[in-house]
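S.K.: Fit chain to chain and form the complex, with the hints in mind.
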Amino acid sequence: MDIVERLLAGDRRALARMVTLIENDAPQAREHLARLHPHSGRAQIVGVTGSPGAGKSTLVMQIVRDLRKQNKKVGVVAVDPSSPFTGGAILGDRIRMQELAGDPNVFIRSMASRGSLGGLAASTRDVVRALDAAGYDLVVIETVGAGQAEVEIVRAAHTVLVVTVPGMGDDIQALKAGILEIADIFVVNKADRPGADQAVAELKMLLGLAWRRPKEAHPWHIPILKTSATQGEGISELVEAILKHRVFLSESGQLAQRSQRQAQSEVLALLQHELLLRLQASVDNGEWQQFLDAVVEREISPYEVADQLARRLGLGHEAISRPGD
Amino acid sequence: MAEAHKIRVLVAKPGLDGHDRGAKIIARALRDAGMEVIYTGIRQTPQMIVEAAIQEDVDAIMMSILSGAHMAIFPKVMELLREQGVDDVLVMAGGILPDEDIPAIEALGIKGNFGPGTPTEEIIEYVKTHIHPSRLADAPLANTAPAPTPTAQQSEQAAN
Chain D
1 MDIVERLLAG DRRALARMVT LIENDAPQAR EHLARLHPHS GRAQIVGVTG SPGAGKSTLV
61 MQIVRDLRKQ NKKVGVVAVD PSSPFTGGAI LGDRIRMQEL AGDPNVFIRS MASRGSLGGL
121 AASTRDVVRA LDAAGYDLVV IETVGAGQAE VEIVRAAHTV LVVTVPGMGD DIQALKAGIL
181 EIADIFVVNK ADRPGADQAV AELKMLLGLA WRRPKEAHPW HIPILKTSAT QGEGISELVE
241 AILKHRVFLS ESGQLAQRSQ RQAQSEVLAL LQHELLLRLQ ASVDNGEWQQ FLDAVVEREI
301 SPYEVADQLA RRLGLGHEAI SRPGD
Chain A
1 MAEAHKIRVL VAKPGLDGHD RGAKIIARAL RDAGMEVIYT GIRQTPQMIV EAAIQEDVDA
61 IMMSILSGAH MAIFPKVMEL LREQGVDDVL VMAGGILPDE DIPAIEALGI KGNFGPGTPT
121 EEIIEYVKTH IHPSRLADAP LANTAPAPTP TAQQSEQAAN
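So the sequences go chain by chain: D and A.
Here my numbering is used: the first residue of the first sequence is 1, the next is one more, and so on.
Here my numbering is used: the first residue of the second sequence is 1, the next is one more, and so on.
Source of the hints: derived by calculation from the structure; they are not laboratory data.
A hint or two may mislead.
So, partial list: chain A residues that the calculated Cβ filter (under 10 Å) puts toward chain D [stated by the list, open to error]:
(1) 24
(2) 27
(3) 28
(4) 34
(5) 35
(6) 37
(7) 48
(8) 135
Just so you know, even glycine gets a beta-carbon here, dropped at the ideal spot from N, CA and C.
One chain only, chain A, in its complex shape (with noise of 0.2 Å):
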């Protein structure tokens, strides 16, 4: 007998601040709530960001940012999981992020935008209204290209 789709998120701290307080609340909030969530911890490159969200095949990424790098960031993110086929996995952010930004990371597809003072519940119940509806169903793979080998940064990352 199946399970049912047990919802996995990845919590994300990217850039270079290392005040991972907001991430934690929302990290064990998600966890009451009876979903999986990976937790990464910070200085958290793209390449990290995407990578953990494909190896772990999570329905949801949450990033939770305070530097002010976010229009570095973001982009890079979402530029990444298209470049690797990925386009079933919500994409969230939270932190601070200035009122005049938002439009423009809404424009990346990166959704919620959670500002200090988000009730939990409110994100809690964002993420359960806005996943992929293929993957609640566990499809065998919403996208049927099959995703381009590592790049070749990624491989001299490695090398080191």
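The following block holds chain D by itself, in its conformation from the complex (with noise of 0.2 Å):
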């Protein structure tokens, strides 16, 4: 059995080995996901987002274990930040998820962000498919944590939750523009604590004034539920919520929407890096020099040398109009 059968019959050093080689964009990677896509498709993916200490690796523990009590298999991505100086990184995401350990129905894996910004790294996707495939029922996401920036989720997830904890105001304030358009659930965790039926209130408003989405046959009702992860209460309700949620996008026409533009975006930016990889294949260092120089003593326009390039790789404007045209 080669590596990708071994995944799919449920073998986690192959599974494990395959994150690897995906991370590493290893040579036969794409050979592999191109394998496993049809096997992928199935698993509800859940993405964790809020600010670093509001306690999404703890949330994220709890969900599991709620999840694990239904009998669903959940697989764990957990991204954190890789040092843009050295490129080493700490991940520390398993600390707080050390009652999962043990448990043969789940998978947790630490990736680094390898210089990715948006809070994911470059192929927490195809990781994310890779145990997808592997049968895993849900698989959960959880991002760096640095706030603002992190819209990849919605672009790798089917449901968003953004955690948020009680005297943050400020910080749902400073967040609310990108936030509140990714949100499906809004989560208020440590809400043990004084302050978290206002941070509820504040988002209910914020909610209100902002909802401005178009009107739909059936709309989902972004719930803000309040949690305390390390206590182990609300996380029930939660775990309802994310799968009523997927109930949702199915029902909805959703789900299909999201898979076009998934796949839609997936295949353009494979498209680009391929055709980037064959024109640097056939220009060499010096011409494209000279090509640069021509265009700042402008002897020559951008749009010319463009257009001179596709043709050189048999994309000249002759190439995509059609007959009749």
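M.R.: As structure tokens, then:
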């Protein structure tokens, strides 16, 4: 059995190694991913984002524990930042997830962001695909936790949880532009602390102000839920909301729309990458420099350069004009 | 284009003592050397260490132990790794390891055995030069035997 077959048969070591190959963009990773693709698309992908220290890891641990009571197989991908200076990282999310140790139906993987902004690593989506294909019913992605810029999670997840804590009113204000658009569920964690109800009220108000989405036949009313992850309070309600959101997505047709959008952005990104690689192979550095100099000296326009290079790849204007045009 | 293999190290603190300053210093030094360090925290059982090492697909495991329980814990870790068919991971230890125990620890296949005062540069260099070559090449899997399913004991723990 090769690594793909072993992964599909439920071998955790094969899955773990597959994730490494994907993370390192190893030569064989793409072919493997292509083979995994038909087996993916079943898992509900849940993103958990929010400020550092909001309790995301503990919350993820509790969510997974509750899902396990319902006999769901759960994968977790926890992303932490890489140092921009050394490329190293300390990945500490497992510390808060120790209670999940020893459960063969839970798979936790820590990922370093490796220079990507937006809260995820560049390969997170592909890593999730591997977990999905390996038969996990839900895959929970925990983002870096930097706050405002964490929009990538929308493209990777079906259901996005935005986690905040009492006493971060200013924080909510600062985040509202990005955050109101990405949350499917709001969580006010550490709700055993004073100010939880006020935080809920603030969120309600912000939601009320910002609710400008077009009228839908079956709108999703974004729940605002209070939890205390360390005490395990409010968790079953949260998990219920997560599972309900998945049902909502399928029944409203939004799941199909999202899948379409994701497929489109993925194919386009790969195509861009592919074209760039071929272009690089067809132009040497000297010639490239000549082109750039010529553009700077106003001897030729950047549009003409792009067109010439596109022609070289067989992509001139005549190649894309259809017969009859 | 393939990126260079990024070295991943699990830093674990087995046993019951809670003094993890040494482990944290090592974790930080390895990070500053450009490695990805999975830090598991204190009070790790051999099962937890091996499971984390497998899921995280690390190149190396570093166990820091001060409590004196090393001869109870280390053999178990090595046994579990063997059971799971993991044969390409560098296993190291550090902390308070009496000289007279070192031969027995090394006989288990645990390397390094860094005592107090070891310069972090030495440990970094050791990790870099002792990782299994197949791992640096991102081999699909060094070991071809399928890993056994989790033991009944592990499943039982999970149910608790």
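S.K.: Could you check if residue 48(A) really has its C-beta closer than 10 Å to a C-beta on chain D?
M.R.: At 4 Å from the nearest chain D Cβ, residue 48(A) passes the 10 Å test, so the hint holds.
S.K.: How about residue 24(A): closest beta carbon in chain D under 10 Å, or not?
M.R.: 9 Å, holds
S.K.: Given residue 27(A) as an interface hint, is the shortest Cβ-Cβ distance to chain D below 10 Å?
M.R.: Holds - the Cβ of residue 27(A) comes within 10 Å of chain D, reaching about 6 Å at its closest.
S.K.: Does the closest beta carbon of chain D sit nearer than 10 Å to the beta carbon of residue 37(A)?
M.R.: Holds, because the Cβ-Cβ distance from residue 37(A) to chain D comes to roughly 5 Å (cut-off 10 Å).
S.K.: Could you check if residue 135(A) really has its C-beta closer than 10 Å to a C-beta on chain D?
M.R.: 9 Å, holds
S.K.: Is the hint on residue 28(A) kept, meaning its closest Cβ partner in chain D is under 10 Å away?
M.R.: 7 Å, holds
S.K.: For the hint on residue 35(A), does the least C-beta distance to chain D fall short of 10 Å?
M.R.: Residue 35(A) check passes; min Cβ-Cβ to chain D is 5 Å, inside 10 Å.
S.K.: With 10 Å as the cut and Cβ atoms as the points, is residue 34(A) at the interface with chain D?
M.R.: 5 Å, holds
Of the numbered hints listed earlier, not one is contradicted by the structure.
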